[in-house]
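Engineer: Residues per chain, in single letters:
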Amino acid sequence: MQQIFHEIKISTNGQGLYDFTKQTISWLDKQKINNGILNINILHTSASLVIQENADPDVLNDLNFFFNKLVPMDNKLYKHTAEGKDDMPAHIKSALTNSQLTLSIKNKEIMLGGWQGLYLFEHRIEKHTRILSHHLMGE
Amino acid sequence: MQQIFHEIKISTNGQGLYDFTKQTISWLDKQKINNGILNINILHTSASLVIQENADPDVLNDLNFFFNKLVPMDNKLYKHTAEGKDDMPAHIKSALTNSQLTLSIKNKEIMLGGWQGLYLFEHRIEKHTRILSHHLMGE
Amino acid sequence: MQQIFHEIKISTNGQGLYDFTKQTISWLDKQKINNGILNINILHTSASLVIQENADPDVLNDLNFFFNKLVPMDNKLYKHTAEGKDDMPAHIKSALTNSQLTLSIKNKEIMLGGWQGLYLFEHRIEKHTRILSHHLMGE
Numbered sequence: 003m004q005q006i007f008h009e010i011k012i013s014t015n016g017q018g019l020y021d022f023t024k025q026t027i028s029w030l031d032k033q034k035i036n037n038g039i040l041n042i043n044i045l046h047t048s049a050s051l052v053i054q055e056n057a058d059p060d061v062l063n064d065l066n067f068f069f070n071k072l073v074p075m076d077n078k079l080y081k082h083t084a085e086g087k088d089d090m091p092a093h094i095k096s097a098l099t100n101s102q103l104t105l106s107i108k109n110k111e112i113m114l115g116g117w118q119g120l121y122l123f124e125h126r127i128e129k130h131t132r133i134l135s136h137h138l139m140g141e
Numbered sequence: 003m004q005q006i007f008h009e010i011k012i013s014t015n016g017q018g019l020y021d022f023t024k025q026t027i028s029w030l031d032k033q034k035i036n037n038g039i040l041n042i043n044i045l046h047t048s049a050s051l052v053i054q055e056n057a058d059p060d061v062l063n064d065l066n067f068f069f070n071k072l073v074p075m076d077n078k079l080y081k082h083t084a085e086g087k088d089d090m091p092a093h094i095k096s097a098l099t100n101s102q103l104t105l106s107i108k109n110k111e112i113m114l115g116g117w118q119g120l121y122l123f124e125h126r127i128e129k130h131t132r133i134l135s136h137h138l139m140g141e
Numbered sequence: 003m004q005q006i007f008h009e010i011k012i013s014t015n016g017q018g019l020y021d022f023t024k025q026t027i028s029w030l031d032k033q034k035i036n037n038g039i040l041n042i043n044i045l046h047t048s049a050s051l052v053i054q055e056n057a058d059p060d061v062l063n064d065l066n067f068f069f070n071k072l073v074p075m076d077n078k079l080y081k082h083t084a085e086g087k088d089d090m091p092a093h094i095k096s097a098l099t100n101s102q103l104t105l106s107i108k109n110k111e112i113m114l115g116g117w118q119g120l121y122l123f124e125h126r127i128e129k130h131t132r133i134l135s136h137h138l139m140g141e
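Chains as they are written, first to last, in our numbering: chain A, 3 to 141; chain B, 3 to 141; chain C, 3 to 141.
Chain A extracted, bound-state conformation (with noise of 0.2 Å):
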């Protein structure tokens, strides 16, 4: 059993998702692993992770805008404002979505179906940069 780790960066211009696929199966191409577990871990607190449709942009607009309609960002409605009236609304978003995927490679193909996606999801609305730490295990 062998052990890999690995960081991608990820530079965001606001809110929204951000599609990362290309940029772990470029590096999971490059490793002497064919099957085996990919975790996925951002080590941030406001901006998190979801596997989403691939296909129609608007399905990404819908999304970040439903999310700012359920949590919006109205510094009234908490008591921790002092980093900015959307980063408590971000805490809020990345505990509703997801800070880690796991996903299955199998013959060095990450499980997923035809229409699915690998999204940072950014909830802060300056430039930020964000680190996804991707651990392969397998053999």
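By construction, these hints were calculated from the structure, which means they are not laboratory data.
Computed from a prediction, not measured in an experiment: that's the story for all the values here.
Please note: incorrect hints may appear among the correct ones.
Any copy, or any two copies together, can satisfy a pair, since identical chains are not distinguished.
To be verified - Calculated lysine-lysine pairs in the DSSO-like style (CA-CA distance at most 30 Å, straight line):
1. 24 to 81
2. 32 to 11
3. 110 to 34
4. 129 to 108
5. 108 to 87
6. 71 to 32
7. 87 to 32
8. 110 to 129
9. 129 to 87
10. 108 to 32
11. 34 to 108
12. 32 to 110
13. 24 to 34
14. 34 to 78
15. 11 to 71
16. 32 to 78
17. 24 to 11
18. 129 to 11
19. 24 to 78
20. 108 to 24
Mind docking chains B and C on chain A? Use the hints.
Structural biologist: Chains B and C alone, transformed into the frame defined by chain A:
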């Protein structure tokens, strides 16, 4: 270390929660792995996975009812409407729940509480066949 | 490859987030596995798990407050009311967050960001003892 891949197909007949615990256990019983990780991924973005109470069927109905109220099937709310009024809500509900579950297997049994079951959460109105990839890694 | 199973018990005293990061790390420190996967499952459906900010306690209060507003404790909204007004909302909140977390261990340390902690999210009002199964697989 051994790795085994398998697919379980679930026929759904409209929105709601479908218990697949028995199907997973029945397959698991036949494998020669005593301890390990079982990673389950749903290969779709309009249905999802949850661990939920397996005792009172009202819990499942209340869950489905709550999610339908939280994410209304109203085309005026979304841009992505070409696939039906239930499609964009289905993507949102998937983001709010899980696309994958990672379970621990100890002495051939899934580490679940006495009241916990494995559920497919169907978010579409029409009939569908849903594929759940199962990946067992252990020894 | 080695596999170790362990249970951590958390006594909760009403709704809110309970940090168990130290308990998990303290157990992890005693194990002879350097790199691997740590799979944590909560064996209940009325409490859940989240990775959240570990700095400002207001974040935890705001989270709990938001979830209580999103999923009201109002028996008129649910059919499943026999176990108390907080029980069905607890199941819904569990579905909206996570029943399990899969973490990566590198050089005996959990791959978490500097601001991330591991939290049990208690959704019931009364005192409870919650069991978190820990399964470490690696070498």
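Engineer: So which of the earlier hints does this model not fit?
Structural biologist: Of the numbered hints given earlier, those the structure breaks are 5, 6, 7, 8, 14, 16 and 19, listed in rising order.
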